[in-house]
Amino acid sequence: MMMLEVKDISVEVSGHLILQGVNMHIRKGEVVVLFGPNGSGKSTLLKAIMGFEGYKVISGEILLGETRIDGLPVEERVKLGLGLMYQHPPQVRGVKLAQVAGRLNGNAGLIKEMSERLSLSSHLSRDINMGFSGGEMKRSELFQLILQDPDLLLLDEPESGVDLENISVMGKVLNGYLKEEGKSALIITHTGYILDYINARKGCVMIDGKMWCVGRPKEIFGNIRERGYDKCMGCDDRAQSAR
Amino acid sequence: MIEHNRQDNLEGRDRDTIVSTGMDFSEKDRSGSFLQQDSGLMFARSLSDGLEIMEIKEALEKYPEAVGYFGANFRSTGRDFDRETEGGYFIRVKRGHAIEFPVQACLFLKQQGFRQKVHNLIVVEEGAKAYIITGCSASHSASEGMHLGISEFFVHNGAYLNFTMIHSWQESVSVKPVSIASVGEEAVFISNYVCLKPVRDITMYPTALLHGRKARASFNSIILSHPGSLQDVGSRVALQAEETQAEIISRAVSLGGKVVARGHIKASARNVKGHLECRGLILPEKGSIYAIPEMETDYRDVDLSHEAAIGRINKDEIEYLRCRGFSPHEAQSLIVRGFMDVGVLGLPDKLKAEIEELENSTLKAGL
Numbered sequence: 001m002m003m004l005e006v007k008d009i010s011v012e013v014s015g016h017l018i019l020q021g022v023n024m025h026i027r028k029g030e031v032v033v034l035f036g037p038n039g040s041g042k043s044t045l046l047k048a049i050m051g052f053e054g055y056k057v058i059s060g061e062i063l064l065g066e067t068r069i070d071g072l073p074v075e076e077r078v079k080l081g082l083g084l085m086y087q088h089p090p091q092v093r094g095v096k097l098a099q100v101a102g103r104l105n106g107n108a109g110l111i112k113e114m115s116e117r118l119s120l121s122s123h124l125s126r127d128i129n130m131g132f133s134g135g136e137m138k139r140s141e142l143f144q145l146i147l148q149d150p151d152l153l154l155l156d157e158p159e160s161g162v163d164l165e166n167i168s169v170m171g172k173v174l175n176g177y178l179k180e181e182g183k184s185a186l187i188i189t190h191t192g193y194i195l196d197y198i199n200a201r202k203g204c205v206m207i208d209g210k211m212w213c214v215g216r217p218k219e220i221f222g223n224i225r226e227r228g229y230d231k232c233m234g235c236d237d238r239a240q241s242a243r
Numbered sequence: 244m245i246e247h248n249r250q251d252n253l254e255g256r257d258r259d260t261i262v263s264t265g266m267d268f269s270e271k272d273r274s275g276s277f278l279q280q281d282s283g284l285m286f287a288r289s290l291s292d293g294l295e296i297m298e299i300k301e302a303l304e305k306y307p308e309a310v311g312y313f314g315a316n317f318r319s320t321g322r323d324f325d326r327e328t329e330g331g332y333f334i335r336v337k338r339g340h341a342i343e344f345p346v347q348a349c350l351f352l353k354q355q356g357f358r359q360k361v362h363n364l365i366v367v368e369e370g371a372k373a374y375i376i377t378g379c380s381a382s383h384s385a386s387e388g389m390h391l392g393i394s395e396f397f398v399h400n401g402a403y404l405n406f407t408m409i410h411s412w413q414e415s416v417s418v419k420p421v422s423i424a425s426v427g428e429e430a431v432f433i434s435n436y437v438c439l440k441p442v443r444d445i446t447m448y449p450t451a452l453l454h455g456r457k458a459r460a461s462f463n464s465i466i467l468s469h470p471g472s473l474q475d476v477g478s479r480v481a482l483q484a485e486e487t488q489a490e491i492i493s494r495a496v497s498l499g500g501k502v503v504a505r506g507h508i509k510a511s512a513r514n515v516k517g518h519l520e521c522r523g524l525i526l527p528e529k530g531s532i533y534a535i536p537e538m539e540t541d542y543r544d545v546d547l548s549h550e551a552a553i554g555r556i557n558k559d560e561i562e563y564l565r566c567r568g569f570s571p572h573e574a575q576s577l578i579v580r581g582f583m584d585v586g587v588l589g590l591p592d593k594l595k596a597e598i599e600e601l602e603n604s605t606l607k608a609g610l
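Quick mapping for you: the protein sequence lines, in order, are chains A and B.
Going letter by letter, the first sequence gives residues 1 to 243 in the working numbering.
Going letter by letter, the second sequence gives residues 244 to 610 in the working numbering.
Pulled out of the complex, with its shape left as it was, chain A reads as follows (with noise of 0.2 Å):
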């Protein structure tokens, strides 16, 4: 069953065409991951598929399961089951992490349990991300999106900006969510180290705005390792991949 089909979308930000008809489909308990080099468009494709202000679909549909989505308001589609992960979530002042955590999910017991997990007790009551480490913000997106347990996850490089022991941390708990809950996923990388705990048997690769290829993902991630995203661009399985 499908979870997310990206048929054939365009996507303008601010006058400038980003994405040019980008096709991607994700199936139910599916976990594809998302390579391409800084400005591709992956992120764009994200908030695209979230439906944020200024990332205007002019052509081409995006379907969460049955129902068309480009087009309804954020707060809609986050109802209809999909979920992001910010990779630079902003500061919110004055709104505690508990305020939303407790509008998230109404089980205060799980509330509690995650928070320990993620090491977040203490963040409850605090302004969200006012004063947090890389490593909190991290923790405290994938906190979030557990409470609010979408259908299908978006998660912007989950380990950016963090530590190896924060990313074991993370990667066990998204890892054990993910696979406990048969939850689909996209997940951008760049690093790549977010492989090592998740079982991803899809990955694509995102170059100039347009789908490149589809392939193994650790595969994938060792020859770009090993040759850059410049080999990708000559690469012959492109042509029967990106179907």
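Hints are computed from structural coordinates only; laboratory data are not their basis.
Cut-off 25 Å, straight-line C-alpha distance, at most; resulting in silico cross-link-like pairs (DSS-like, lysine-lysine):
| hint | chain 1 | residue 1 | chain 2 | residue 2 |
| --- | --- | --- | --- | --- |
| 1 | A | Lys-56 | B | Lys-558 |
| 2 | B | Lys-558 | A | Lys-96 |
| 3 | B | Lys-271 | B | Lys-372 |
| 4 | B | Lys-353 | B | Lys-419 |
| 5 | A | Lys-79 | A | Lys-179 |
| 6 | B | Lys-529 | B | Lys-501 |
| 7 | A | Lys-96 | B | Lys-593 |
| 8 | A | Lys-79 | A | Lys-56 |
| 9 | B | Lys-607 | A | Lys-96 |
| 10 | B | Lys-607 | B | Lys-558 |
| 11 | B | Lys-300 | B | Lys-337 |
| 12 | B | Lys-558 | A | Lys-79 |
| 13 | B | Lys-595 | A | Lys-96 |
Some but not every residue of chain B turned toward chain A, in silico, with C-beta under 7 Å:
| hint | residue |
| --- | --- |
| 14 | Glu-560 |
| 15 | Arg-565 |
| 16 | Leu-577 |
| 17 | Phe-582 |
Just so you know, these numbers come straight off a predicted model, no measurement behind them.
Glycine included, every Cβ here is placed at the ideal spot set by N, Cα and C.
Since chain A is already given, all that's left is putting chain B on it; use the hints.
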């Protein structure tokens, strides 16, 4: 409990207005009460040892020292004051007494076109401690009214006073409070101002003179500005003795009205500290906030700073909360409530919860 026959003179709506400034007629968790309507006393009484609360007229007749206090802060600063006042309260906390529950006082403007002019004296003797919550408000019938409130505070050595003023006026009322506090050695004066209801105009620039070593003062204000309102609200602290400290925090939200947020800290002694913080949000497309932080020093060894930020709510913050399932309206309301956090007022939990409740009900209606 304020006897019912005393309350009978109040119409239901007036009663609600008075309650909206923090007056608790049950007097549960209160140490004393004072209510004046126009220029007439409705009631005044103390429920606590070491606390005196009465009409100013009575105090001036009874206590020669009250006469000494009357106008003293104006004389010491070379400022003039309006002597044509009628009414006001005298609150005194006796030496060494820590008053557990807040003292409540309310000045209520009832008659149409009435010009209420009061002079209040608040004396906290050496080592004493008190919380005072005072409301000033106007009846729905009091259009074209005017309120002039002079307040003089004397916070003696080692004393602590947390004074919270809540204003709840009407669109057609003009308000001019004038207040000067003198703060002694190692004494603490916290002055909070909360104004969430429409008013025609308010002009106030309360001053604290820290003349005793290690004295501290904080001024905190939370202002909601409705269309047509002008709130020119500032605070001034004179750091006159060594190791004194001042903090001025202002939070203003414009729903279309105009707010002038002034702050002035003057260092005229060594090793003093002062910080000004002004934040303002404008919710509709048009609304005015004018932040004017001022600092001056006569010495090198001082630590003075300020920060100010005014404008709209950051769109990214709204979007972030929408990503967590809040509607844009809920997200805005959550941010505004957090912005106007009464946590800055340094109140005991019970009173903090009461004021939070007042704020929530006003914001629910206002946003």
